[in-house]
Amino acid sequence: MNQPDAPWGTTIFDGRAARRGYALNKMCYSFNSGANRAEFLRDEDAYCRRYGLDDLQRAAVRNRDVLAMIDAGGNIYYLAKLAGVFGLNVQDVGAQQTGMTVDAFKAKLLAAGG
Amino acid sequence: MARIVGGIGTSHIPAIGLAMARNQCAEPYWKPFFDAYAPVRAWLDEVRPTVAVVVYNDHGLNFFLDKMPAFAVGAAPEYRNADEGWGLPTLAPFAGDAELSWHLIESLAAADFDLTTCQEMLVDHGFVVPMQLLWSGKRDCPVRTIPIHVNTVQHPLPSPARCLRFGETLGRAIEAWSRDERIVVLGTGGLSHQLDGRRAGFINRPFDLFCLEKIVDEPEVLARLTIPELVENAGTQGPELIQWLIMRGALGPVVRQIQRNYHVPISNTGSGLLLLEKAA
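These protein sequence lines map, in sequence, to chains G and P. Residues in the first sequence are numbered consecutively from 0, following numbering that gives the first Met the number 0. Residues in the second sequence are numbered consecutively from 0, following numbering that gives the first Met the number 0.
Honestly, the hints are just simulated from the structure, not real lab data.
Cross-link-like lysine-lysine pairs, in silico, BS3-like; alpha carbons within 27 Å at most:
1. G:107 - P:30
2. P:66 - G:25
3. P:30 - G:105
4. P:213 - P:277
Please put together the full structure from these sequences, using the hints given.
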């Protein structure tokens, strides 16, 4: 998504992103329910189709590719619920997005303490 | 008459709730963070507020993108917590004060703030983590609560300037309430953090320290920032500072700082803590 005003490596979750990502985010919002999380795990792609995810969004979910989910309109607060289905936290997600190991990502956070 | 006894700015990071649930507070990673809350808890024990107005942002528990209010005020007799999907234990409900809620709603609306009113409202970690940090260990939470949600999820977000004015109006409304209450206002979230994108893990210590300093005596400096400037300097989730500005606005022009702390990192975030009293 082309957002010339956004800082490097940053997507502003605006109306355009919210429209693009509505189905994906709605599916992730459903993961507030444990029953829905279990149902997703039984047949992930069927669950994605039921929520109307398009090909790019389904592929991003299948590949656990967070940057691709964001490109397809995913909002991190809802995506965090998808990560939660797999027992992953925001350090795991941060490491993946920055191409670092989780340990290296945690070290980078610690280094911000100065 | 009701009186504002103080304002507290605090993080609301979910990992804090997990650390408390797992009894990790004394571990080296967590101890300095939790220790900084001891003076604030002692202050609360002394001042004994009866009501907490909690300004936070919902992160996808009560509100989805089908309906996203800029400002939503709870007007319920109680507020329930619920499963957010990633393992934070669900807490017991928090008592509300619907009469005070409606007084605040009417006062804010009379000052041209258009609100969403919620007679049912699930409260997520943005609300419950600060409540746990400040009052956990009490068998029953000793305060009634008024949750105020601010949209920091879907842009456009309310501007810092509007939030400071919202807080000023909120403060006047609180002090016009006829009942004898001691009210504390919590501004939650922040400070710098970015969870998403290739810039994930961005934390800006100098900017956070600048915000912690300016919000005490010169909040209008922060109110002049734009949301894009907050994103650039504090990360995609950094605009949560607007919730602190509402808290600060409610305290009126002159305040006294009682406690200030900054700790990096907690989870992916620069965490701030600020306790302010209204100057007499």
